[in-house]
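4 protein chains.
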Amino acid sequence: MSITVAVSGASGYAGGEALRLLSGHPEVEIGAVTAHSQAGERLGVLQPHLHTLADRVLEPTTADVLAGHDVVFLALPHGASGPIAAELAERSPDTVVIDAGADHRLESAATWAQYYGTEHAGTWPYGLPELPGQRGRLAGARRIAVPGCYPTATLLALTPGFGAGLLQPRDVVIVAASGTSGAGKALKPHLLGSEVMGSMSPYGVGGGHRHTPEIEQGLAWAAGEDVQVSFTPTLAPMPRGILATATARLTDDADPAAVRAAWETAYADEPFVRLLPEGQWPTTAAVIASNHVQVQLAVDERAGRVVVVSAIDNLCKGTAGGAVQSMNIALGLPEQAGLESQGVAP
Amino acid sequence: MSITVAVSGASGYAGGEALRLLSGHPEVEIGAVTAHSQAGERLGVLQPHLHTLADRVLEPTTADVLAGHDVVFLALPHGASGPIAAELAERSPDTVVIDAGADHRLESAATWAQYYGTEHAGTWPYGLPELPGQRGRLAGARRIAVPGCYPTATLLALTPGFGAGLLQPRDVVIVAASGTSGAGKALKPHLLGSEVMGSMSPYGVGGGHRHTPEIEQGLAWAAGEDVQVSFTPTLAPMPRGILATATARLTDDADPAAVRAAWETAYADEPFVRLLPEGQWPTTAAVIASNHVQVQLAVDERAGRVVVVSAIDNLCKGTAGGAVQSMNIALGLPEQAGLESQGVAP
Amino acid sequence: MSITVAVSGASGYAGGEALRLLSGHPEVEIGAVTAHSQAGERLGVLQPHLHTLADRVLEPTTADVLAGHDVVFLALPHGASGPIAAELAERSPDTVVIDAGADHRLESAATWAQYYGTEHAGTWPYGLPELPGQRGRLAGARRIAVPGCYPTATLLALTPGFGAGLLQPRDVVIVAASGTSGAGKALKPHLLGSEVMGSMSPYGVGGGHRHTPEIEQGLAWAAGEDVQVSFTPTLAPMPRGILATATARLTDDADPAAVRAAWETAYADEPFVRLLPEGQWPTTAAVIASNHVQVQLAVDERAGRVVVVSAIDNLCKGTAGGAVQSMNIALGLPEQAGLESQGVAP
Amino acid sequence: MSITVAVSGASGYAGGEALRLLSGHPEVEIGAVTAHSQAGERLGVLQPHLHTLADRVLEPTTADVLAGHDVVFLALPHGASGPIAAELAERSPDTVVIDAGADHRLESAATWAQYYGTEHAGTWPYGLPELPGQRGRLAGARRIAVPGCYPTATLLALTPGFGAGLLQPRDVVIVAASGTSGAGKALKPHLLGSEVMGSMSPYGVGGGHRHTPEIEQGLAWAAGEDVQVSFTPTLAPMPRGILATATARLTDDADPAAVRAAWETAYADEPFVRLLPEGQWPTTAAVIASNHVQVQLAVDERAGRVVVVSAIDNLCKGTAGGAVQSMNIALGLPEQAGLESQGVAP
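Line by line, the protein sequences give chains X, D, L and V. Per UniProt numbering, the very first residue in the first sequence carries number 1; after that it's consecutive. Per UniProt numbering, the very first residue in the second sequence carries number 1; after that it's consecutive. Per UniProt numbering, the very first residue in the third sequence carries number 1; after that it's consecutive. Per UniProt numbering, the very first residue in the fourth sequence carries number 1; after that it's consecutive.
Extracted from the complex, chain X is given alone in its bound form (with noise of 0.2 angstroms):
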């Protein structure tokens, strides 16, 4: 018997991504999908990709199409998830909706305010299962909210050395580099193909960018006390991928031979994240289209410091895919249903 999943947003990249995800996986049925502006659109002419879904139409993004699915993703411009999220409940109480937007990563009803500028949601469970105990807070929850494809790939990169001790709290620089598709398919000038082929440039930089405060919820979760991080956001010429490279001082009594043990243990049995041979760094290209995640480090002991490298594909792992392994954990299906597929190179 499979599972009901309608899909909102579906004429954006997110939820493009869900609905190829979904379609592949043998548990899910896809019901509705919908969209704003472009509902009564066949998903053919927005998606032309999705082949085996050319023609089914684009519906209005309403509580009442989306009550009564088993699932409902919502992958809506943020501050719209809050209130069909709380329709939702009222009308369709056993759904479980899984929220690819950002109104519910928070903790904080201060610092959302302070970066978004709006009311807080509230806090759902947050959808990184590779975070130390995460997983059993998934198992079962009928609410989850899909981490940022910016602090997907960071957290990755640095929790085993904050859950382990050694990193120093206050010295953490990010820079990442992310393909297009993150910024959606708004129609602005700088998001145009002669603008970005052939050019990179920074963006948010010193602190404003919105994924700023959920790097450092998450790897506060992990250090046990306050991060405070430097992150620098950069766009690349390239439609998907996020390079992150992230990098901290080292404790002071961090015995560097140490390091390496502590991000191969963390990831030992992790399905989807790979600490590469040493040697070895990752590439965007090895990641695309898949929910695999490569993680490189190196310690710069001359520096006193850590440099990690971590790879995702930032409309899979860092969205739709994550959000696919979450509800697979939260449903009780094998984890990596619908997540099988290798990457696509070159």
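Each hint should be verified, as a subset may be incorrect.
Said to hold, decoys possible - For each label pair, taking beta carbons as the anchor points, the in silico distance ranges come out as: (1) D/Leu187 with L/Glu119: 56 to 62 angstroms; (2) L/Pro277 with X/Glu270: 55 to 61 angstroms; (3) L/Thr265 with D/Ala257: 44 to 50 angstroms; (4) D/Gly208 with V/Val57: 23 to 29 angstroms; (5) X/Gly224 with D/Pro77: 55 to 61 angstroms; (6) D/Ser2 with V/Arg302: 52 to 58 angstroms; (7) X/Ala109 with V/Glu278: 39 to 45 angstroms; (8) L/Tyr203 with D/Gly117: 36 to 42 angstroms; (9) X/Gly122 with V/Glu278: 34 to 40 angstroms; (10) L/Ala258 with D/Gly117: 28 to 34 angstroms.
Because the hints were derived from the structure by calculation, they are not lab data. Even for Gly, the Cβ is constructed at its ideal location relative to N, Cα and C.
Following the hints, position chains D, L and V against chain X.
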């Protein structure tokens, strides 16, 4: 009970794509993976996107290693398939051999000699199931010649018109753009990233490309007479994908209104080829990493021509995907087994 | 004493390229730079690569602002050049007007109406000096219609053959790939970086592209009779450049050995067009940011056709560079003034 | 009376860029162009974008060929400049030698030996005129060591802060993305277009990159004390450009409000370096093919750090453009001669 499949040429792009698809095939167990100069290396180093096969070690490409498998994929340079196939025929007569190289595609030994300059290895059933009557020839076949990538895109574009007697055989012009993976992993200066990014260039102009006689052979099958094409391939700044623009003059008695119907009829029941709704044109992005093909056409009444555009993934439907599809037919498996994934976009 | 040049449409790609070239022109002083909705903005924000013009403020595109300059460049949407040119003729009769838009390219008012749907603004001397006899028509001209980018690439590819009577006028097929800047800065979903990177797609298939009649007009000039083309443009994943593949059937009495000589003769003394040595083919990378054109051809004796490939920079020789070249001729300046730079590669 | 300049390594990217710039330099006549394995080949084949030099034939790179020129550019692999410079000193003592390679950049022979493993060839004046006092050292110099591309981007980002005593010398983190031309024309698998398009990857992580000591040397000059950096370079899917994200901790008594003033002062009169208006961030697209540098910074008060981002063209300001600029200073020419072109965008 699984079918064991060995993949030779596993260090290259075609071999890598075969492994990507076969690792998701429900009936297949991957056996030996072999290479030439890279034998002894781990797959995780050469094909880092094949996450679950990372620890496989490449064996040498010998009949010894390949013998005993239910199926052997040959993804070798042209000229190399013939000898190893002959050896396999002797040592492992029950093995189904699928040649992704050129050696067994052409019927004419003279044409082979003219274009490839070596002795002809023979002619095997041609692995393009969408050609009229071809599925029947592939069912139960023990030897399959996988079509070239350009012929796949081109024959799917034009055969419905020739089959319906709508096109003149002496005025066919094809210009196709291919991603760089079509040229393989060869270390040639013009394939460096610095050279190809932001650039387009032609090659094999004037009839010299080795896929020309293969295109003409396939069109002649459909037309029932000799067909002569002007074929110009170009190298495009993308890793994957072929966009073929094929145009032919309509016969004098062709009813322009009937043209579209020929393609509609030809592809009405094809699982992988889709004539798009009128007004929507193929993009290579829509077919990347999938076995699907997009086709669209326009009648240019002024010029008395039909222009057909097709998009395929050169490594998937154009090589490894087409190979798996033909393997499925040969073995009596569901034709879509292992090939059900959508495209990956953006 | 400098020539003062005003540039309208300075916020767009064609206007930006005009400013790039004119700022390096030894005889030119840049006067007003104007825009429509972006008037009031600094050029440094909209065209950050024009370093020495960063503090220039865009003025509105009005005859008032443009009047009084020695030369006015119009880089406006089609339909907009006609009215402002008419106003300028009255208020600033001595000003030379160079229209980079389509309004004044076509001789036939009926064809204009059919393809553009508005009233024909008139016909100006056609700014492609390499056409036979064209330099004489441009010398002293006060009005110049800059050719479209596809017509520039195509006419330079084929006119030598038509001029020499070697090509049949009814069997001309052109497939051209253009970088995305050819589509301008318009905020359309299919022009987003996420969509165009890694993808190729056709548009205007079947004779619908507005450059078709302009190509036919130019070829007819050379052939001395009507020429009919099948023209298919495609969008390529690169910011700049056009690669045109043009093929035509040889006349029955054409001596294949004489074909190459026609192109050699036509371009022997051209400063910007070069027939490459035999065996070397054009790449768009070689002409980026330069006014140079690369041409190569092959006779396909089997198919009885010649295949000519040309590469230009659509913004430079295809728009602003061609405009400067024609301006130089019109004003009696050295034809290469301001256009002497090499291509930029890799 | 022209200055004759010979260019060695003319088959490579740095040599090609030197020729591109020098062919537009009003005071320069290009003399011998030399190469190693490609000697005897025409430049038109190897550098097809250098249209006006297409018929030049490459000579072998020997002191014999290079002697007698006013200036010799060395664009050779590291280790090769030392011997040929020594020979030139003897045979052509008046020739100014400009080394675009690494051989003469480092002051410390021990550091050279540690990072390059060969004997130190000596230390020449460092060709980064924007460093405090450096123009004076370059005026009249007969030997110039052109800085590395990453050090150029990084030192221009950070030296104003160290010069003003605002930055702590022990907590400097730099992550930089470079286009593939920075890796040269070497035929390595990871530089193939199929591999780099759509992918980002790090290299030399953990302090191993050879530009690390050069960056630390330059920052120490500005700081007046040792500076230690964590430097991670990444390879980006674009042919040209470096985007450097550099961050350092502010000194305890630094007034955040005074930080911006340090950079404003440093670059107020620099012809090629521009601190962008607040709110506008560098893009590599804006500096391609130009000698210009864009810089922007943000103070992250929460983290107590400044984040500075700079963008250069690695081949132009980062190699050949910086070389021409230093040559101009050394010879008493206008510093901007031959370097006045804008960037090329889009």
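Tested hints:
no., hint, verdict
1, D/Leu187 with L/Glu119: 56 to 62 angstroms, "holds, 58 angstroms"
2, L/Pro277 with X/Glu270: 55 to 61 angstroms, "holds, 57 angstroms"
3, L/Thr265 with D/Ala257: 44 to 50 angstroms, "holds, 46 angstroms"
4, D/Gly208 with V/Val57: 23 to 29 angstroms, "holds, 28 angstroms"
5, X/Gly224 with D/Pro77: 55 to 61 angstroms, "holds, 57 angstroms"
6, D/Ser2 with V/Arg302: 52 to 58 angstroms, "holds, 57 angstroms"
7, X/Ala109 with V/Glu278: 39 to 45 angstroms, "violated, 31 angstroms"
8, L/Tyr203 with D/Gly117: 36 to 42 angstroms, "holds, 40 angstroms"
9, X/Gly122 with V/Glu278: 34 to 40 angstroms, "holds, 36 angstroms"
10, L/Ala258 with D/Gly117: 28 to 34 angstroms, "holds, 30 angstroms"
The earlier numbered hint that this structure contradicts is number 7, and it is the only one.
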